[in-house]
Amino acid sequence: MLKVEGLTKYFETPSGRIHSVDGVSFTINKGETLGLVGESGCGKSTTARTIIRLYEPDAGKIIFNGHDITHITQREMLTFRKKIQMIFQDPYASLNPRMTAGEIIREPMTIHKIPKDEHSSRVNHLLKLVGLNSEQAGRYPHEFSGGQRQRIGIARALAAEPELIICDEPVSALDVSIQAQIVNMLEDLQKSLGLTYLFIAHDLSMVKHISTRIAVMYLGSVVEIAQSDELYNRPLHPYTVSLLSSVPIPDPEKATQKHIIPLKGEIPSAINPPSGCKFHTRCPKAKPECRSVSPKLEDKGNGHFCACPFA
Amino acid sequence: MSDEILKVENLSTTFKTSAGEVKAVEKVSFSVRRGEVLGIVGESGSGKTAAMLSVMGLTGENCNVKADSMTFMGENLTPGKIKNLRGDKISMIFQDPMTSLNPVLSAGWQLKEILKQHKWRGNIHERVTEMMTRVGIVPAEERIRHYPHEFSGGQRQRLMIAMSVLCGPELLIADEPTTALDVTVQAQILGLLREIREASGMSMILITHDLGIIAGEADRVIVMYGGHIMEEGTVREIFKSPSHPYTVGLLRSVPKPDKPRERLIPIEGQPPDLLNPPKGCPFVKRCAEAMKICLHNKPEELSLSDTHKYSCWKGMKK
Chain A
226 MLKVEGLTKY FETPSGRIHS VDGVSFTINK GETLGLVGES GCGKSTTART IIRLYEPDAG
286 KIIFNGHDIT HITQREMLTF RKKIQMIFQD PYASLNPRMT AGEIIREPMT IHKIPKDEHS
346 SRVNHLLKLV GLNSEQAGRY PHEFSGGQRQ RIGIARALAA EPELIICDEP VSALDVSIQA
406 QIVNMLEDLQ KSLGLTYLFI AHDLSMVKHI STRIAVMYLG SVVEIAQSDE LYNRPLHPYT
466 VSLLSSVPIP DPEKATQKHI IPLKGEIPSA INPPSGCKFH TRCPKAKPEC RSVSPKLEDK
526 GNGHFCACPF A
Chain B
1250 MSDEILKVEN LSTTFKTSAG EVKAVEKVSF SVRRGEVLGI VGESGSGKTA AMLSVMGLTG
1310 ENCNVKADSM TFMGENLTPG KIKNLRGDKI SMIFQDPMTS LNPVLSAGWQ LKEILKQHKW
1370 RGNIHERVTE MMTRVGIVPA EERIRHYPHE FSGGQRQRLM IAMSVLCGPE LLIADEPTTA
1430 LDVTVQAQIL GLLREIREAS GMSMILITHD LGIIAGEADR VIVMYGGHIM EEGTVREIFK
1490 SPSHPYTVGL LRSVPKPDKP RERLIPIEGQ PPDLLNPPKG CPFVKRCAEA MKICLHNKPE
1550 ELSLSDTHKY SCWKGMKK
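Sequence order for the protein chains is A and B.
For the first sequence, the working numbering gives the first residue as 226, with consecutive numbering after it.
For the second sequence, the working numbering gives the first residue as 1250, with consecutive numbering after it.
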């Protein structure tokens, strides 16, 4: 459904060019959830925003349903935006406080020219779909809890009848018991509406739970992609190994037995990323050639791709 | 001297707001023993931070703190007393290392100030560089002159830790110390706190919403909801035989990365409204096992072992 090839996005700043997204390639198949993980600043959100052309890509290709949408005009993009919607992290900042829930959900229908006489019934239907009721359409965002606001954000994303939804940290701002409500709802909606998700999060346990496949990013590059269980049970890239070993497990016996492989030092600057393999400065298995040779994603079998020749 | 270094009995904290009185903490009792890590779990608004700020005497003007007794190392914690202990024998670190440091003062200045305030007798410069080195901010002689913006998020939290343990505290209260950090940095910071505890025998209260961190770090656990303690026990008791429906629900609602995928079981409903709390059990509106009595009467505490206690009518009926 979505194919991203060599996607690159730079930002120019007074202190130099930030290599935010540096040659990222992956595909998302219809009906699956691709999890995109990595630590702050690794470029996962920028990748998402470049895909829907909120940022103009500097290189690479974005192919959606067979159409190259990399350089089409914003006007042409409108028809594709209807098919690709986004859910944001902060349910407090992503809803206009001066619009009612109903108006927020109706807005995409107006933009995408859905006949006006259908709006009200569709708003009610969408509210029900996300577990709210039609009486709540007249209320303003501040009258809802965080979890309910995220439900409104999801209803708004569904209003345009998208095929692909980019979920950028959709549950990180919510309480633990509410996170499970929202994740279950996203799973149910995926089944009933045949949706495809790009799910971005830093909570690796949650990403593993919801994803079919997972892509791991480090400093603007994808270092590993595999089926979700495969990645957890058999991580290959030294960065993924270290990242997964750091995830706390909610079980006191396993938690004390667990061996954490700590990463040395700090994440390097994206303005002057290390040469060769960007992870070589912190890699416990680095060899001299890692400094000069920039590794490509290699097929290691079973749809497991890893950008490390020594893994 | 008793083994309990901090003992709090029936602490209640209320905040006056324009919308009415918020009962943030209600009749909460707990203690911390020497060298142990007490984990406090709870969601936003459960009162975990408010309880700790009350102990530290850091609540604002609009706040009313009442307690039958609060003692630290056997002495009553009066407002005058806590002021001297704070930053010396009891210290606290917060979630956001970005806002906890003064941006216009160098790291060294801020660290030295603490020692000056508490009338440190040794060489202040030496002590500061020693602690910076210990928390991994090197070379300390150079970094001491740097300003907060010149440190990364993880390094700032390291600075906060250095600050909090400068005077060799007996108790460190860590309020979501790694929530703002990435998971690999989180592992580094939790490891650093463990090292410091092992070297000094310091006790710690660790506040977090992350059950994984609790499982890995805490000796005993308190589970809070709507300003009340719902359950208390050793880390094994809480994870292996949770007894309060809220604890059970909380454990079920998080994904277990080490196990095959199963559908999550959320706790239905919305977080509690602290302005209009239920008369009975604070969890009644979201509890699948709620009975009539839960609506109107607060459950009393039941003991399952010397260490394991919970408050629920379901258990009292048995």
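Where hints are given, some of them may not hold.
[As the list claims (entries may be wrong)] Once the Cα atoms are required to be at most 20 Å apart in a straight line, the calculated DMTMM-like pairs of lysine to aspartate or glutamate come out as:
hint, chain 1, residue 1, chain 2, residue 2
1, B, K1505, A, D428
2, B, K1508, A, E455
3, B, K1505, A, E301
4, A, K353, B, E1517
5, A, K483, B, E1399
6, A, K483, B, D1507
7, B, K1505, A, E478
8, B, K1256, B, E1310
9, A, K489, B, E1324
[Claimed, not checked] Per label pair, the in silico range of CB-to-CB distance:
hint, chain 1, residue 1, chain 2, residue 2, range
10, B, E1444, A, N409, 35 to 45 Å
11, B, K1368, A, G241, 43 to 53 Å
12, A, A318, B, V1353, 23 to 33 Å
13, B, S1280, A, S345, 31 to 41 Å
14, B, K1547, A, N409, 27 to 37 Å
Hint data in this document are derived by calculation from the structure and do not stem from the laboratory.
C-beta atoms are modelled at their ideal positions from N, C-alpha and C, and glycine is treated no differently.
Structure-based check of each hint:
no. : hint                           : verdict
1   : B:K1505 <-> A:D428             : 12 Å, holds
2   : B:K1508 <-> A:E455             : 13 Å, holds
3   : B:K1505 <-> A:E301             : 43 Å, violated
4   : A:K353 <-> B:E1517             : 16 Å, holds
5   : A:K483 <-> B:E1399             : 33 Å, violated
6   : A:K483 <-> B:D1507             : 11 Å, holds
7   : B:K1505 <-> A:E478             : 14 Å, holds
8   : B:K1256 <-> B:E1310            : 24 Å, violated
9   : A:K489 <-> B:E1324             : 43 Å, violated
10  : B:E1444 <-> A:N409: 35 to 45 Å : 39 Å, holds
11  : B:K1368 <-> A:G241: 43 to 53 Å : 46 Å, holds
12  : A:A318 <-> B:V1353: 23 to 33 Å : 28 Å, holds
13  : B:S1280 <-> A:S345: 31 to 41 Å : 58 Å, violated
14  : B:K1547 <-> A:N409: 27 to 37 Å : 31 Å, holds
Checked against the numbered hints above, the structure breaks hints 3, 5, 8, 9 and 13 and satisfies the rest.
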